[in-house]
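**Student:** Spelled out, the chains give:
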Amino acid sequence: MSAEILATRTVVAQSNFLIPNGTIIVELVIFLVVLWVIWRYVVPPVKRIMQQRQDMVRKQIEESQDASERLAAAERKYEEALDEARTEAAKIREGARADAQRIKEEMRAAAEQEVAGIRQRGEEQLTTQRQQVVRELRSEIGDLAVTLSERMVGESLADESRRSATVDRFLDELDGMSVTDGQATARSGENR
Amino acid sequence: MSEHVLAAEGGIEVGVHPEVSFLGLTLNIDTVISTAIAAAIVVGLGFYLRAKATTGVPTGGQLLFEAVTHQIERQVEDNVGIRTAPFVVPLALALFFFILIANWMTLLPHAFDEYLKPPTADVNLTFALAFFVIILVHATGLRKRGMGYFRHFAQPTPALLPINIIEEIVRPFTLALRLFGNIFAGTVMLSIIALLPEFVYWLPASAWKLFELAIGLIQAVIFAVLTIVYFGFATGGQEEEGAH
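Protein chains in written order, with numbering that gives the first Met the number 0: chain A, 0 to 191; chain B, 0 to 243.
Hints in this document: simulated from the structure, not taken from any laboratory.
Errors might be hidden in some of the hints.
[What the hints assert, rightly or not] Below, simulated EDC-like cross-link-like pairs (lysine to aspartate or glutamate); rule was C-alpha separation at most 20 Å, straight line: (1) A:K90 x A:E74; (2) A:K46 x B:D77; (3) A:K103 x A:E113; (4) A:K46 x B:E76; (5) A:K90 x A:E79; (6) A:K46 x B:E197; (7) A:K46 x B:E65; (8) B:K208 x B:E197.
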């Protein structure tokens with residue numbers, strides 16, 4: 000074995016290593032096998048996959064653009080809706096305030112009206128009561144006058160003239176009282 | 000003879016491969032083995048990628064492969080036009096990954112004398128790739144443009160005909176020897192570093208291997224891009240010649 004190697008080395012020493020020998024054919028065959036494998040089995044599937052991924056990335060970019068556009072549109076719509084809601088709320092608030100004002104006015108008017116009605120009714124009642132009182136008083140005073148006159152006539156006629164003057168004045172005063180309302184009621188109360 | 004001189008100076012052998020004879024061919028068996036390993040790694044990665052490739056969240060390896068594929072597709076589109084020669088994409092892709100892995104086999108430990116060197120440090124692989132590519136380039140040019148293909152040898156002026164012909168002939172050699180030279184120089188450098196005493200040897204060796212990673216990547220890129228550019232010239236994508 001060592002002798003063989005020695006022999007071949009002698010051959011190599013005589014040949015130039017820059018000149019190819021039979022190895023070149025084997026080398027070419029080996030490379031052709033590599034080339035065939037890569038050509039046939041590696042490049043097509045990898046290229047297909049690269050193509051698919053490029054398509055996928057393109058699609059994803061499109062989708063993301065689409066999504067961001069839709070997001071922007073949604074945001075715009077949201078802003079619009081918000082503005083609309085704000086103006087609507089302001090409108091409602093204004094309306095409510097106006098309603099409140101109006102209701103207040105109406106209630107005030109109604110209350111005033113009622114007060115006026117009550118006052119009127121009270122006044123009317125007072126008037127009727129006064130008239131009634133006056134009427135009662137008149138009849139009573141008549142009775143009293145009759146009783147008084149009976150008593151005066153019955154008991155003594157000594158100072159007839161003076162008594163008649165007193166009765167007259169009394170009657171006059173009563174008449175005067177019936178002329179002025181307020182004073183009359185006050186006086187009639189006093190007199191009672 | 001030169002080997003003996005080198006051996007006398009530093010005890011290193013340059014460009015020596017253990018050989019076997021097979022069907023009348025002389026084979027550099029270390030190159031064949033390391034090429035087979037590189038090919039197995041590339042094919043394995045390819046099938047792994049195919050199995051793991053997903054339209055969902057991609058793995059880092061898938062992203063890397065897709066980035067490389069995308070770059071190559073762009074290069075092909077710029078230089079040739081994907082429609083003109085769609086097969087250039089997998090070809091450049093296979094060249095790139097195969098050469099990259101082959102170059103990066105320099106990472107293999109070489110504590111032993113007969114370690115596996117990067118197969119690209121052997122002209123047999125680089126010439127095989129370069130001639131394959133150039134033949135394919137000319138075939139594609141002929142198929143796309145018919146006999147008019149030969150007209151581009153006389154452009155921009157017929158006076159440049161001999162220079163153009165020389166350039167076309169030289170192309171596979173430059174393509175092959177550029178790759179070979181870079182990687183081969185790296186292995187020579189490692190052999191020289193290996194002459195250092197063992198207690199310091201690891202430091203420059205590691206640094207140099209890291210550097211070799213970058214060189215391997217750059218050379219793989221250059222080979223793949225030049226392949227695309229040559230296809231561009233041949234199919235008339237661009238008429239002006241690039242610098243080598």
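**Student:** If you draw a straight line from the CA of K46 (chain A) to the CA of E197 (chain B), is it 20 Å or shorter?
**Tutor:** Violated, because 49 Å separates the two Cα atoms, which is more than 20 Å.
**Student:** Would the hint linking K46 (chain A) and D77 (chain B) be met if the CA-CA limit is 20 Å?
**Tutor:** holds (19 Å)
**Student:** Please work out if K90 (chain A) and E74 (chain A) have their alpha carbons no farther apart than 20 Å.
**Tutor:** violated (24 Å)
**Student:** Would you check the hint for K208 (chain B) and E197 (chain B), treating anything up to 20 Å between C-alpha atoms as holding?
**Tutor:** At roughly 16 Å apart (the allowed maximum being 20 Å), E197 (chain B) and K208 (chain B) satisfy the hint.
**Student:** Would you check the hint for K103 (chain A) and E113 (chain A), treating anything up to 20 Å between C-alpha atoms as holding?
**Tutor:** holds (15 Å)
**Student:** If you draw a straight line from the CA of K46 (chain A) to the CA of E65 (chain B), is it 20 Å or shorter?
**Tutor:** holds (8 Å)
**Student:** Taking 20 Å as the top limit, are the C-alpha atoms of K46 (chain A) and E76 (chain B) close enough?
**Tutor:** holds (15 Å)
**Student:** Does E79 (chain A) sit within 20 Å of K90 (chain A), going by the straight-line distance between their CA atoms?
**Tutor:** Roughly 16 Å between the alpha carbons, so the hint for K90 (chain A) and E79 (chain A) holds.
The earlier numbered hints that this structure contradicts are 1, 6.
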